[in-house]
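A.B. asks: Chains as they are written, first to last, in this note's numbering: chain A, 1 to 221; chain B, 222 to 630.
Don't take every hint at face value.
BS3-like mimics (lysine-lysine), calculated; alpha carbons at most 25 angstroms apart, straight line [what the hints assert, rightly or not]:
1) 86/A / 617/B
2) 236/B / 58/A
3) 617/B / 100/A
4) 64/A / 532/B
5) 10/A / 622/B
6) 100/A / 532/B
7) 373/B / 86/A
8) 86/A / 291/B
9) 86/A / 545/B
10) 71/A / 532/B
Examples of chain B residues toward chain A, derived with CB under 7 angstroms [to be verified]:
11) 474
12) 475
13) 479
14) 536
15) 544
No wet-lab data here; the hints were simulated from the structure.
Owing to the predicted nature of the structure, the values given are computational and were not obtained by experimental measurement.
Cβ atoms here follow ideal geometry from the backbone N, Cα and C, with glycine treated the same way.
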Amino acid sequence: MGSNSLHVLKGINFKAEDGELVAIMGSSGSGKSTLLNILGMLDVADTGEYTLDGVPIKDLSETKAAQYRNKFLGFIFQSFNLINYKSALENVALPLYYQKVGRKERQEKAMSYLEKVGLKEWASHLPSELSGGQKQRVAIARAMAAEPKVLLADEPTGALDSTTSYEVMDLIQKINDEGNTILVVTHEEDIAHMCKRIVHLKDGVIVEDKKIKQVRAQQHV
Amino acid sequence: MFDRDIWQEIFHTLKNNKLRTFLTGFSVGWAIFILVMLLASVNGMQNGFTSQFNDDATNSIFIRPGTTAKAYGGFEAGRRIQLKNDDFEYVKNSFPKDIEYISSRYFTGTTARYKSETGSYSVQAVHPDHQIIEKTIITEGRFFNNADVLNKAKVAVIGRKVAEDLFKKEEPLGKYVEFNGLPFKVIGIFTDDGDDNAERRIYAPISTYQGIYGNTNVINQLVLTYNPTYDLTKALEFSGRLEELMKRRHKVAPDDQAGINVWNYAEAFDDISSFSAVLNTISIGVGFLILIAGIVGIGNIMVFTIKERTKEIGVRKALGAQPKQIINLVLLESTFITALSGFIGLIFAWIILSVIGPTINTPAFTNPSVSLSTVVTATIILIVAGVLAGLIPAIKAANVKPIVALSDK
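Next comes chain B alone, as it looks inside the complex (with noise of 0.2 angstroms):
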């Protein structure tokens, strides 16, 4: 099968049929080509959505108050629901094998000013388990710690923006800025891959915040990682537990979302899992269909050959060529072309997919491309399509009656 023979015979039929072998192969590279873009463009999507949550710890839950819906426990509706500083310790203390890291939050803004320059930013206020929890990546200097909560430090962890609009070019480490008017002493520096917002903002200890301004203990959100061994349902379970217990302690419906909202990660990344997986799926079958009629586009142009070489094949059969030997020449000249054009258009698409992947970064679509796995089972899907296809005319070729062949004379 593998002789030098059968092969001097397929390029031979190729070189002298090269309209019909280019046509042959468009079909199939071209299907090839678009399945491996489709693929790619779904694993972009993929890679666009989990860089956009990537931003923040998978297994976070948080804890948000609003204003209630729904008149429960002998309280109107249209109440106001605020979470303190003992929310915080209650949750803590209640879940201490649930929860991974806890802090709360306490948004508030300022008016920033080093020497000269003065700029209007957001502030956090939070406890130093929220680097882990928000994935803050410290590039100089640190984040706060507990000690700096205790001893309310008037310490900041300024983002890259902030550093850049106040401080030009001087080394921000260890200097005071002042925030409306008393002095910080700058710690550290963080940056925040894919938003420049988000490094326009100052973290600072929450006690300090809730001390020298307004001297205040309420928080306004609550954020957490759980135990990151849960599994999904482990996950919603505790969320679940989280949620009943907070709108207990605060008199809110169970049903009422708006009083106070637990926002579970996990949900939300299940659903887009699912959602990229059924468009994963979708592509998968919309590049099969089109693979079928480049199969279906061979399979044609082979029955075409075939009747065109009646007459030659009439002639090898009657020098005794023997049914199978003409299958094998049919079924190995369309597997040959199959996967050789077929090659070519995932060559194609590779390059263009290394080409131009890497510099698209947009929050919806990011760096498409292939895994080897795809490259893979798209050649074997090729060869396996290139037998198909040569399947049936093979066996009509191995069936010419000689003498009917050869009697157009």
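One chain only, chain A, in its complex shape (with noise of 0.2 angstroms):
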């Protein structure tokens, strides 16, 4: 967008296994939401290859990126993005609707979602009724909702105090778990040390990518 063009990525050369945890990690401006972004199919990269489940992603019409969107991706925002008018299991069933499913195994399934992310008895509350936390489980039950091959974290625990992001990573370790591969920017330490692995980025590179020991979450909880 705008006039000025600017490079922020400078060559990426990444992947990501089935079943791995990802900590994005970088300054503010090194480009890491950027990298989301293209990832997440919210935006292009000028020039390169991205290839998603061995399907090739590129030169998209913006219904096919809506449909990969719902199909490939959950996303998990730093402001929960919750609609504020829906209660939290419209929010979870909003997905599945933009998958036609039908209007019952809809609400039987965001049911189960939210039961998972422990949220059963807030069903029908409005985000404005719900702490920061149970918002960001709500997020993250929708994003699962779709039962995405990807689910894409920015900052998912930046607007959050430190034991409330513990829960939220331990949830996102659970999930992880169960096999979902799941990326996650941050420029937290204590929570890029509860991925699997860290990519860190600077000025448009990544200087690091490396494997780590898991911290589980559930001891600070």
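Put the two chains together into one complex, using the hints given.
C.D. replies: Here's what the structure looks like:
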């Protein structure tokens, strides 16, 4: 956007395996959000290839991109981005609606994911009636509802206090334990160390890519 | 497009933005209200016109003599033209195919007396055809017939007001009333809706009046109706022929309207029809302009709505909403608001019209109302308007880039 083009990412070679939990770290302006947006098909790379689950992602029409996002990706945002006039259950059911899942099945599925994040009793509440941690858990349930290939979390704990952050990370770890691939953008060391691999970005290039020993969030809760 | 979820979404949005919904709806509802009221008012004026003219047959022609304004045929200007009984016979026999009904008119006045009640009334001495030409409604008894004219019978048909004045609660039919001292038998009573003065009139056979008051063969006017199958052109052509003939007969200059005036109702009626048609067109035009203002209002508010909901739309797109689904949502919302508020405006206007309409009954404005076709047209306009109002904002919404929408953290 804008008239001045700015090269944020300058050659990224990155591959995530099935079932990985990757933290993408870097200071602000390092290009970590841009990378996540390209991976999330919210933005397009000027050059290069992007293959998701064997499908080349290029020259997507708006409609096609929407379908891929719906099928392959689940988003978790720093500011939760729940729709404020919809109940927790309706929020979780929304991606299923765009998958054209029938109403009844949608409700049941959404409810089971809410149960998974421990918010079954809050199903009929509006986002404004939930705490920050609860909101993020609803957002995680929503991201998972569509059963995507990859969960993309952009600073998922950025708006939460540390206790709540660990609760959310505990949830993300558990989801990962079930075999889901998750990419977490964060600038917090402790959050990054709760992942299994850390990718450090600096000025648009990967400066470090290492596997680490995962710190379980459970022990902090 | 018409599944339950999309409606639920729409109701959600509307419920959560009551003021916005109200303002949006109001502009369209108001526009439709004005449009309907405007059309109804024109309709009321048309009704007023027609009721004014309905009094007489719309295919009638009046021949009125006057004083010549131009010297012609050896006569100086200022000559009084006088119609006589032979003019009646002449016109009647000259155009047997063109004339439907014809009657002479002889105007006079009389003092009428019944027992102790007296009153002054105008008298029109006419032929029996006059009843049909003037559309005189006989409520009791009958109008006089050709036999009465031949026999110079002293019979009278009196207006409702005359009957009330003179006979009070007595039954006037068959009673004798004195006109300037001579007894006339009341054979009928007529009424005239709209005009009280017309009901203070008395009809009598022309021959009777010509015979007993002055023994004359003079008449004041000729009235006739032409063949009702004639269209306007044919009617005008006939009245032209009639005028030419009458002017030649009385040696009046062909372009002298003061000497003999042949007045064709069709002409005047045609003027009024085209007048009200123009009025109708103007009102539809004005109504449309108001409606456009309403549509622009809706479009405006929809654009604002989209701006406000940019983030939400971004989230939806991130979750996999396709552009056409977003368009659907916005379009349906605007159509729904337009249609609903338009209907409310329509119903309001309709209620006001059906309550107040029938009570309005002045000469120029009678029973304003709208026809079903107006309502149907308005409804179609509404739905189209809703789609139009939502279209641009909907396309705008569909093109919102999720990354842009989500960036304002």
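A.B. asks: Look at each hint and say if it fits the structure.
C.D. replies: Here's how the hints hold up against the structure:
no., hint, in the structure
1, 86/A / 617/B, "holds, 23 angstroms"
2, 236/B / 58/A, "violated, 41 angstroms"
3, 617/B / 100/A, "holds, 24 angstroms"
4, 64/A / 532/B, "holds, 21 angstroms"
5, 10/A / 622/B, "holds, 23 angstroms"
6, 100/A / 532/B, "holds, 22 angstroms"
7, 373/B / 86/A, "violated, 94 angstroms"
8, 86/A / 291/B, "violated, 90 angstroms"
9, 86/A / 545/B, "holds, 21 angstroms"
10, 71/A / 532/B, "holds, 21 angstroms"
11, 474, "violated, 83 angstroms"
12, 475, "violated, 80 angstroms"
13, 479, "violated, 80 angstroms"
14, 536, "holds, 5 angstroms"
15, 544, "holds, 5 angstroms"
The earlier numbered hints that this structure contradicts are 2, 7, 8, 11, 12 and 13.
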